[in-house]
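Use these hints to put chain G onto chain U, whose structure you have.
Just so you know, the protein sequences line up as chains U and G, in that order. In terms of the working numbering, the first sequence opens at residue 1 and continues consecutively. In terms of the working numbering, the second sequence opens at residue 1001 and continues consecutively.
To be clear, the hints were calculated from the coordinates, so they are not data collected in a lab. Keep in mind that the hints are not guaranteed to be accurate.
Partial chain G-side listing against chain U, Cβ under 8 Å, derived [claimed, not checked]:
| id | residue |
| --- | --- |
| 1 | Glu1023 |
| 2 | Gln1026 |
| 3 | Arg1036 |
Everything numeric in this text was worked out from a predicted model, so none of it was measured. Quick reminder that beta carbons are idealized off the backbone N, C-alpha and C, glycines included.
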Amino acid sequence: MTRLHLPAALLGLTMVAMAFPVQAEDAKTIAATICSGCHGEDGNSTIPMFPRIAGQDETYIIKQLKEFRGGQRKSDVMAPVVASLKSEDLAPLAAHFNGQKPKGQDARDAKLAEQGKGVYLDGNENSGLPACIGCHQPEAVGHGVYPRLAGQHPEYLLQQLKSFAANERTNDASRLMRVVAKRMTEDEMKAVTEYISGLGPK
Amino acid sequence: MRGEKLIALQARGDALRGEISFEPCQGCHRIDASGRTSGSYPRLAGQHGTVLIKQMTDIRAGRRNNPKMEPFIGDHVVSPMEIADIAAYVSNLPIPKEIGQGPGTGIAHGKDLFAKDCATCHGERGEGKGEKFYPMVAAQHYRYLLREVKFIRDGDRRNSNPEMVKVIGQYSDEDLEAVADFMAQLVAPKK
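In isolation and in its complexed conformation, chain G is listed as follows:
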């Protein structure tokens, strides 16, 4: 790991400063970082700080495509220190109650898939693991999750974990819908 990601990870983020640095993000991710239930913008509140830092630096380095957000996360807008500050602020925000849900019809099938293929990394309750950069996938908006697992399968999310790509690579569209349906309704564990 090199460069600004390392700098941001080692820096001691300041949540008070982060609240200010997060302002240009609020127009999309909302003031409480709850995202949109439509899934157009993901929930960030309560996500692991390390995950937030990795995704922010990946997006601005072009390792993860995000043309809508790019002009707002460029290094002319936020410094590596501010990335650490934003992560400190956002990771401590409460997880919102209103989460965009799937049809509900895939939950049973999704549960099996998740236990078999995903829980080793993302945790049984979808809580993720900060030290390993495994995102919390519980209580995330359904449409966002569905879009991401498709990106991961089809190679459009280039910063993905190769082991995960291997597993998800075998999934049909129905499998992806089911596993996203299941993850969206998982209740985020209390910290």
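Chain U on its own, in the form it takes in the complex:
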């Protein structure tokens, strides 16, 4: 299992933030004091291991935060963060990050991204891999229970696919993403995440 190793400096920063619970916390303050160290103040993290959450669907964010807290989604990093939040903070936080403008990057490897486009649009008929576009929407903007993927760090996307395939991430309703990820080859995972990372505003 690939565990994330936090840079010590960042961890220290969060500890500090958590040690001084902000009074009358509004979402913006929490975002600036607690979340920004890892996800960036506007949710556009620049560090590959921390997912971008700007523009992410609100219900999806709330679901993830609740599941980090309940342990259905395991993360040694996010669990203590969410434990420090009050239940009524979750919805305003989700609305805050949903309201931020997402900012991605160009795909680094255009040829690989082109291969990944095929996976995204068509899946693989031989292995029964459904096309990602069916659930995650054109341009990977997401919708409802299907998260936005566009412009995400490719490293993060790849890591999530691998942990779905290995049954390490098991909070996907109806096991849908686990089934999808298990049908993917490593090459397909690398290609499609490269493609997705280059979608959306830069």
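Using the frame of chain U, we list chain G on its own:
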């Protein structure tokens, strides 16, 4: 007829809800339910609602093998009510123009076979009959049709109508190719 098939058939499906419930299906069957011209995934758009309900419940009960689709149609994914909703939505979608075609060389022979052995149930123009669960076979992708008639003949599609199995049981591979060639190019009648 028992169980969830009956529940789904009696339920009043809601096409608006069905549009949402159909989302996990789109990765294979496409957003417009047109399937793939390669025939890997059938067209569902415009198929009779009753047929869609029967096939969905047969597949998830294991009466029709479909390992690729099974994890997406399990009862942990869609409820009997959602089956009715999906059927209401998909059966009203327009039939796409682009349909995977056969070689064209078997159409004449296929036409004769179809008129003689198939039209009583599937209709002269392949339109099927919803009340009787006879699928529309017009304007379906050739490779899908060919695969299904082979499954039916060889006993791999276990939920098939026994009378049909008897007829198709006599067919050679060439006959099956011809009749599939013919069905794929039939234009679906307007509703």
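Each hint, compared with the structure:
1. Glu1023: holds, 6 Å
2. Gln1026: holds, 3 Å
3. Arg1036: Check passed: Cβ of arginine 1036 of chain G comes within 7 Å of chain U, closer than 8 Å.
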